[in-house]
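Based on the sequences and whatever the hints tell you, model everything.
Chain residues, written in single-letter form:
2 protein chains.
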Amino acid sequence: MQNGKVDIEEIGLDQALDFFKALGNLQRLKIIGLLASRSAVVEEIAAALELSPATISHHLRVLRQVGLLDVDSDQQYRIYSLRERRLKQMSRELLRLDTLREGAGAFPEGAFESKVLSNFVKRGKLVTIPAQRKKREVILKWLVEHFKREQDYPESEVNRIIGRFHEDFCTLRRELIMARLLTRERNIYRRPA
Amino acid sequence: MQNGKVDIEEIGLDQALDFFKALGNLQRLKIIGLLASRSAVVEEIAAALELSPATISHHLRVLRQVGLLDVDSDQQYRIYSLRERRLKQMSRELLRLDTLREGAGAFPEGAFESKVLSNFVKRGKLVTIPAQRKKREVILKWLVEHFKREQDYPESEVNRIIGRFHEDFCTLRRELIMARLLTRERNIYRRPA
DNA sequence: CCCTTATTTCGATATCCGTCAATGTATCTA
DNA sequence: TAGATACATTGACGGATATCGAAATAAGGG
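Protein chains in written order, with the working numbering: chain A, 3 to 195; chain B, 3 to 195.
Everything labelled a hint here was simulated from the structure, so no lab data went into it.
In this text the structure is predicted, and so the values were computed from the model without any measurement.
Fair warning: there could be bad hints in the mix.
Stated by the list, open to error - Straight-line Cα separation of at most 16 Å, EDC-like style, residue types lysine to aspartate or glutamate; simulated pairs:
{"#": "1", "chain 1": "B", "residue 1": "K136", "chain 2": "B", "residue 2": "E95"}
{"#": "2", "chain 1": "B", "residue 1": "K136", "chain 2": "A", "residue 2": "D72"}
{"#": "3", "chain 1": "B", "residue 1": "K137", "chain 2": "B", "residue 2": "E177"}
{"#": "4", "chain 1": "B", "residue 1": "K90", "chain 2": "A", "residue 2": "D100"}
{"#": "5", "chain 1": "B", "residue 1": "K23", "chain 2": "A", "residue 2": "D20"}
{"#": "6", "chain 1": "A", "residue 1": "K136", "chain 2": "A", "residue 2": "E157"}
{"#": "7", "chain 1": "B", "residue 1": "K137", "chain 2": "A", "residue 2": "D76"}
{"#": "8", "chain 1": "B", "residue 1": "K124", "chain 2": "B", "residue 2": "E52"}
{"#": "9", "chain 1": "B", "residue 1": "K136", "chain 2": "A", "residue 2": "D74"}
{"#": "10", "chain 1": "A", "residue 1": "K90", "chain 2": "A", "residue 2": "D72"}
{"#": "11", "chain 1": "A", "residue 1": "K90", "chain 2": "B", "residue 2": "E111"}
{"#": "12", "chain 1": "B", "residue 1": "K90", "chain 2": "A", "residue 2": "E95"}
{"#": "13", "chain 1": "A", "residue 1": "K127", "chain 2": "A", "residue 2": "D170"}
{"#": "14", "chain 1": "B", "residue 1": "K137", "chain 2": "B", "residue 2": "E111"}
{"#": "15", "chain 1": "A", "residue 1": "K143", "chain 2": "A", "residue 2": "E177"}
{"#": "16", "chain 1": "B", "residue 1": "K137", "chain 2": "A", "residue 2": "E45"}
{"#": "17", "chain 1": "A", "residue 1": "K23", "chain 2": "B", "residue 2": "D76"}
{"#": "18", "chain 1": "A", "residue 1": "K136", "chain 2": "B", "residue 2": "E111"}
{"#": "19", "chain 1": "A", "residue 1": "K117", "chain 2": "B", "residue 2": "E95"}
{"#": "20", "chain 1": "A", "residue 1": "K90", "chain 2": "B", "residue 2": "D100"}
{"#": "21", "chain 1": "B", "residue 1": "K136", "chain 2": "A", "residue 2": "D76"}
{"#": "22", "chain 1": "B", "residue 1": "K127", "chain 2": "B", "residue 2": "E147"}
{"#": "23", "chain 1": "B", "residue 1": "K143", "chain 2": "B", "residue 2": "E104"}
{"#": "24", "chain 1": "A", "residue 1": "K137", "chain 2": "B", "residue 2": "D76"}
{"#": "25", "chain 1": "B", "residue 1": "K117", "chain 2": "A", "residue 2": "E45"}
{"#": "26", "chain 1": "A", "residue 1": "K136", "chain 2": "B", "residue 2": "E45"}
{"#": "27", "chain 1": "A", "residue 1": "K137", "chain 2": "B", "residue 2": "E45"}
{"#": "28", "chain 1": "A", "residue 1": "K136", "chain 2": "B", "residue 2": "D76"}
{"#": "29", "chain 1": "A", "residue 1": "K136", "chain 2": "A", "residue 2": "D170"}
{"#": "30", "chain 1": "A", "residue 1": "K127", "chain 2": "A", "residue 2": "E169"}
{"#": "31", "chain 1": "A", "residue 1": "K117", "chain 2": "B", "residue 2": "E169"}
{"#": "32", "chain 1": "B", "residue 1": "K117", "chain 2": "A", "residue 2": "E111"}
Claimed, not checked - Over the 12 Å line for every Cβ pair with chain B, so calculated as not near, a few chain A residues:
{"#": "33", "residue": "Q67"}
{"#": "34", "residue": "G126"}
{"#": "35", "residue": "I131"}
{"#": "36", "residue": "I179"}
{"#": "37", "residue": "R182"}
To be verified - To spell it out: a stretch of chain B is covered by chain A in this simulated footprint if at least three of its residues, at any positions, have a beta carbon under 8 Å from a beta carbon of chain A; those stretches are:
{"#": "38", "stretch": "25 to 31"}
{"#": "39", "stretch": "42 to 55"}
{"#": "40", "stretch": "74 to 84"}
Ideal Cβ positions, reconstructed from N, Cα and C, are used throughout, including at glycine.
Below is the structure:
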């Protein structure tokens with residue numbers, strides 16, 4: 003390996019993908035295993051795995067492209083060897099959860115929610131109260147947005163606001179309390195901060 | 003997870019292969035990333051990745067089969083979550099070199115060598131001395147097998163033994179010394195232990 | 001019970017990928 | 001320089017796999 007070449011690089015989702023793809027193949031895993039004991043030339047590996055040199059050459063290129071192999075030239079031969087440091091580095095850093103999290107993006111807040119809302123809210127009215135918990139949660143969160151935070155509401159006012167969207171304000175008010183989206187003390191309702 | 007079930011299992015080459023195959027796919031990597039932030043149901047993931055629920059279900063099965071996911075039932079839903087311990091365990095143990103070494107088998111001592119020998123040795127005679135270093139090494143190792151270890155040989159005896167296989171015993175004798183397969187002190191030759 | 005909803009399974013299709021023969025290229029030998 | 005050797009590359013073929021629609025399954029709700 004040339005001097006001054008940096009061995010540690012930034013690892014993103016693409017790097018991880020290429021790495022796992024490279025190792026997600028039986029022959030390539032075997033090649034790694036073989037090179038873990040000693041370095042070798044193409045024909046040796048081909049003989050060991052009973053594959054054609056062309057195939058081995060192909061696999062070696064894949065492994066080289068993810069930085070797992072070093073190759074030295076000697077006469078006509080190219081001697082492949084395993085970069086153990088790289089392998090260890092990968093196994094350490096590739097599966098760090100924060101890396102995966104940011105690489106994958108996040109749940110689109112609104113993709114599922116907006117679908118539910120568009121299904122249950124027509125022309126500003128809540129047509130039915132979803133029976134399924136996950137959807138009901140979405141509706142309740144949407145409902146509670148019509149309340150200001152840290153402000154006192156008498157029960158009559160709560161009923162009036164909810165009543166704008168659905169006649170059964172009684173059920174919805176109770177659900178909001180159960181979901182802890184509203185609190186009640188001495189018949190005074192608040193939306194917590 | 004059920005009580006008493008062992009979380010740590012033996013890891014072989016097949017396990018490693020399935021694991022890397024499972025992660026060697028962009029959508030599945032993204033799913034891991036999503037579930038690293040919070041657990042979710044199939045349709046949420048489908049919405050996040052803009053794929054059909056059927057496709058997500060397929061990917062989730064693959065990830066479940068390598069033990070990366072937990073699934074809990076709630077109402078009609080199945081809530082998938084990431085088994086972080088398993089992920090960490092895999093990243094620690096999967097790429098241990100000794101595991102890979104034994105899983106891959108070793109170089110078949112003789113596959114490459116026997117090919118060289120059959121090419122250069124005809125009816126017990128060495129037809130030519132291979133010019134290429136690797137093949138010459140094979141021939142030299144084969145030659146030195148005709149010497150007993152830890153035994154003194156005068157030069158005339160060395161020449162006689164080598165001469166049984168090739169007329170140019172002079173070159174071969176020198177090569178054997180250079181390859182340290184024989185040693186020479188005061189014109190006495192030995193094959194080291 | 002019938003209907004709705006979430007998920008899985010099945011079948012079909014398109015794409016990706018592993019493999020090898022043939023060809024190209026560089027290096028070494030005679 | 002011609003010829004051999006080791007390896008890389010290309011093209012083609014076949015098998016694996018990702019994807020989705022449709023049908024089956026499961027679990028509730030009215």
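Outcome of the hint check:
Restraint check for K136 (chain B) and E95 (chain B): not satisfied, since their Cα atoms lie roughly 35 Å apart, outside the 16 Å limit. Between K136 (chain B) and D72 (chain A), the direct Cα distance comes to roughly 19 Å. Violation of the 16 Å bound is thereby established for this hinted pair. Proximity of K137 (chain B) to E177 (chain B) is assessed by CA-CA distance (about 13 Å); at most 16 Å being required, the pair is judged to hold. Note on K90 (chain B) and D100 (chain A): the hinted pairing holds, with a Cα-Cα distance of about 13 Å set against a maximum of 16 Å.
Distance hint between K23 (chain B) and D20 (chain A) is fulfilled; the C-alpha atoms sit about 11 Å from each other, no more than 16 Å. The hinted pair formed by K136 (chain A) and E157 (chain A) fails the criterion: a straight-line CA distance of about 26 Å is larger than 16 Å. Note on K137 (chain B) and D76 (chain A): the hinted pairing holds, with a Cα-Cα distance of about 13 Å set against a maximum of 16 Å. Distance restraint check for K124 (chain B) and E52 (chain B): the Cα-Cα separation of roughly 66 Å exceeds the 16 Å cut-off, and the hinted pair is therefore not satisfied.
Pair hint K136 (chain B) plus D74 (chain A) holds up; C-alpha atoms about 15 Å apart against a cutoff of 16 Å. Using a Cα cut-off of 16 Å, the hinted pair K90 (chain A) and D72 (chain A) holds, with the two alpha carbons roughly 15 Å apart. Using a Cα cut-off of 16 Å, the hinted pair K90 (chain A) and E111 (chain B) is violated, with the two alpha carbons roughly 28 Å apart. Between the alpha carbons of K90 (chain B) and E95 (chain A) the distance comes to roughly 11 Å, so the proposed pair stays at or under 16 Å and holds.
The suggested pairing of K127 (chain A) with D170 (chain A) holds, with an alpha-carbon distance near 12 Å, which does not exceed 16 Å. Taking the CA atoms of K137 (chain B) and E111 (chain B), the gap is about 14 Å. The hint holds against a cut of 16 Å. The straight-line distance between the Cα atoms of K143 (chain A) and E177 (chain A) is roughly 11 Å, inside the 16 Å bound, and the hint therefore holds. Restraint check for K137 (chain B) and E45 (chain A): the C-alpha separation of about 12 Å stays at or below 16 Å, so the hint holds.
Between K23 (chain A) and D76 (chain B), the direct Cα distance comes to roughly 34 Å. Violation of the 16 Å bound is thereby established for this hinted pair. With a C-alpha separation of about 62 Å, the suggested pair K136 (chain A) and E111 (chain B) falls outside the 16 Å cut-off, and the hint is violated. The straight-line distance between the Cα atoms of K117 (chain A) and E95 (chain B) is roughly 43 Å, outside the 16 Å bound, and the hint therefore fails. Proposed proximity of K90 (chain A) and D100 (chain B) is supported: the alpha carbons are some 13 Å apart, at most 16 Å.
Distance restraint check for K136 (chain B) and D76 (chain A): the Cα-Cα separation of roughly 10 Å lies within the 16 Å cut-off, and the hinted pair is therefore satisfied. A threshold of 16 Å between alpha carbons decides the hint, and for K127 (chain B) with E147 (chain B) the separation of about 15 Å falls inside it, so the pair holds. At most 16 Å may separate the alpha-carbon atoms for a hinted pair to count; K143 (chain B) and E104 (chain B) exceed this at roughly 26 Å. Simply put, K137 (chain A) and D76 (chain B) have alpha-carbon atoms about 13 Å apart, close enough for the 16 Å limit, and the pair holds.
Distance hint between K117 (chain B) and E45 (chain A) is fulfilled; the C-alpha atoms sit about 11 Å from each other, no more than 16 Å. About 11 Å separates the Cα atoms of K136 (chain A) and E45 (chain B), which keeps this hinted pair within 16 Å; it holds. Taking the CA atoms of K137 (chain A) and E45 (chain B), the gap is about 12 Å. The hint holds against a cut of 16 Å. Of the supplied pair hints, the one linking K136 (chain A) and D76 (chain B) holds, its CA atoms being roughly 10 Å apart against a limit of 16 Å.
For the given pair, K136 (chain A) sits about 19 Å from D170 (chain A) by alpha-carbon distance, which is inconsistent with the 16 Å threshold. Taking the CA atoms of K127 (chain A) and E169 (chain A), the gap is about 10 Å. The hint holds against a cut of 16 Å. Distance restraint check for K117 (chain A) and E169 (chain B): the Cα-Cα separation of roughly 88 Å exceeds the 16 Å cut-off, and the hinted pair is therefore not satisfied. Proximity of K117 (chain B) to E111 (chain A) is assessed by CA-CA distance (about 64 Å); at most 16 Å being required, the pair is judged violated.
For Q67 (chain A), the non-interface assignment is confirmed: its Cβ lies about 14 Å from the closest Cβ of chain B, beyond the 12 Å cut-off. For G126 (chain A), the shortest C-beta to C-beta distance to chain B comes to about 24 Å, beyond the 12 Å cut-off, and the non-interface label holds. A cut-off of 12 Å between C-beta atoms confirms that I131 (chain A) is not in contact with chain B; the least separation is 15 Å. Look at I179 (chain A): its CB is around 21 Å from the nearest CB on chain B, clear of 12 Å, so calling it non-interface holds up.
At roughly 18 Å from the closest C-beta of chain B, the C-beta of R182 (chain A) stays outside 12 Å, upholding its exclusion from the interface. Given as covered by chain A, the stretch 25 to 31 of chain B passes the check, having 5 residues with a CB less than 8 Å from a CB of that chain where 3 are the minimum. Check on the stretch 42 to 55 of chain B: 6 of its residues sit with their Cβ under 8 Å from a Cβ of chain A, so the three-residue criterion for coverage holds. Coverage of the stretch 74 to 84 of chain B by chain A holds. Counting CB-CB distances below 8 Å, 4 residues qualify, and the rule asks for three or more.
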